[in-house]
Amino acid sequence: NAGVTQTPKFQVLKTGQSMTLQCAQDMNHEYMSWYRQDPGMGLRLIHYSVGAGITDQGEVPNGYNVSRSTTEDFPLRLLSAAPSQTSVYFCASTVGGGSTYEQYFGPGTRLTVT
Amino acid sequence: AQRVTQPEKLLSVFKGAPVELKCNYSYSGSPELFWYVQYSRQRLQLLLRHISRESIKGFTADLNKGETSFHLKKPFAQEEDSAMYYCALSGDGGATNKLIFGTGTLLAVQP
Chain A
1 NAGVTQTPKF QVLKTGQSMT LQCAQDMNHE YMSWYRQDPG MGLRLIHYSV GAGITDQGEV
61 PNGYNVSRST TEDFPLRLLS AAPSQTSVYF CASTVGGGST YEQYFGPGTR LTVT
Chain B
1 AQRVTQPEKL LSVFKGAPVE LKCNYSYSGS PELFWYVQYS RQRLQLLLRH ISRESIKGFT
61 ADLNKGETSF HLKKPFAQEE DSAMYYCALS GDGGATNKLI FGTGTLLAVQ P
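Each protein sequence line maps, in turn, to chains A and B. With my numbering applied, the first sequence corresponds to residues 1 to 114, in that order. With my numbering applied, the second sequence corresponds to residues 1 to 111, in that order.
Bound conformation, chain B alone (with noise of 0.2 Å):
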């Protein structure tokens, strides 16, 4: 079965310390995989997607398919990070619109 699973509800962290959240998926293809992140007030928005290999305001990600992982990265936390993180699979290649979404966490960075 497909599934995201993001282990942490909430991560507290101070500003400027290191952010990881975790995240890993079920799936037996080869699934697509995507960071969004909803701040307070807003809608949920894509943050980045592991096929870009990119970096968005200084977050990075990388696919580990042996540890089936996909773990969300930053390496000095600030105050504007604080949102609900999401990571998501899409098992189809992004055919169609089919996301697994995970349960989030919450991030608070503290001043």
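Excised from the complex, chain A in its bound form (with noise of 0.2 Å):
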């Protein structure tokens, strides 16, 4: 299994641009999620998914889009960039519950606006 995978590594947009960060997972996990990581803030959830077509606000959705209409997949799209949204984001996946509950990460992409 490759887990969770995000595609690019590494991005740099100009303010304004538009991108779809993309993740996938090939665990067949009904829960996804898209969080981002800054400094000083931790990670903060910005929207998620508990399967195939429904998705949720997390607590930062603001300027962002997302969609589910496969199990695998899970984009996260920036309509019109701004500086503020220059982040390190990472996808994850769940499983479980209760004793086995775990969130799988990806390894990240790491995007700057300028």
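Keep in mind that a hint or two might mislead.
[As the list claims (entries may be wrong)] Restricting the straight-line Cα-Cα distance to at most 27 Å, the calculated cross-link-like pairs of lysine-lysine (DSSO-like) are: (1) K22/B - K9/A; (2) K98/B - K9/B; (3) K22/B - K98/B; (4) K57/B - K15/B; (5) K9/A - K98/B.
Just so you know, these hints were derived from the structure itself, not from any lab.
Taking the hints as your guide, dock the two standalone chains into a single complex.
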């Protein structure tokens, strides 16, 4: 299994440009999430999905869109990039509950908006 | 409001010294607490979960509901323990995937 994969690893955008961060998992997990990681702020939840066709907002959803057409893929779209969206983005998929609950993270995408 | 607080941005210790990474939480129900670790150039990964009461790589963490704390401890630090550590809370019993993370503590173990 490849686990959780993310592309690209690095991206530089100009203010106002749009792009899609890709995330895929091959573990057949129902739950997937997007986080952003900023210095001094830890990881903050952007959007999440509890299954194909179902998405919901997390703590910091503004400026981002998601969709979940398949179990495997959970892309994150930046509609009009802003410098405040400079961050490292992590995708995660979740398995289990209770004592087996675990989130598996992708390697991250480092995004710079100039 | 649900919140996880890690008061130390950086904790520097010498090899062989005891380590305690602090984590306090705010949650009105019965939370599930986790510690995640991110080694240099690696992805974030689960270290341990309170519900399992496990010891991983010599680390333990006890949930203290009275003090709303979930501190991570290791009696003798090793250089390979150097990493960023995040405390995280799930407020819905792990039913979904909404984790609330603290701001992280960078552990630096000096030789």
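Structure-based check of all given hints:
1. Restraint check for K22/B and K9/A: not satisfied, since their Cα atoms lie roughly 32 Å apart, outside the 27 Å limit.
2. Between the alpha carbons of K98/B and K9/B the distance comes to roughly 23 Å, so the proposed pair stays at or under 27 Å and holds.
3. Proposed proximity of K22/B and K98/B is supported: the alpha carbons are some 22 Å apart, at most 27 Å.
4. Proposed proximity of K57/B and K15/B is supported: the alpha carbons are some 15 Å apart, at most 27 Å.
5. Only pairs whose Cα atoms come within 27 Å are accepted, and K9/A paired with K98/B is accepted, the gap being roughly 24 Å.
In the structure shown, a violation is registered for the earlier hint numbered 1 alone.
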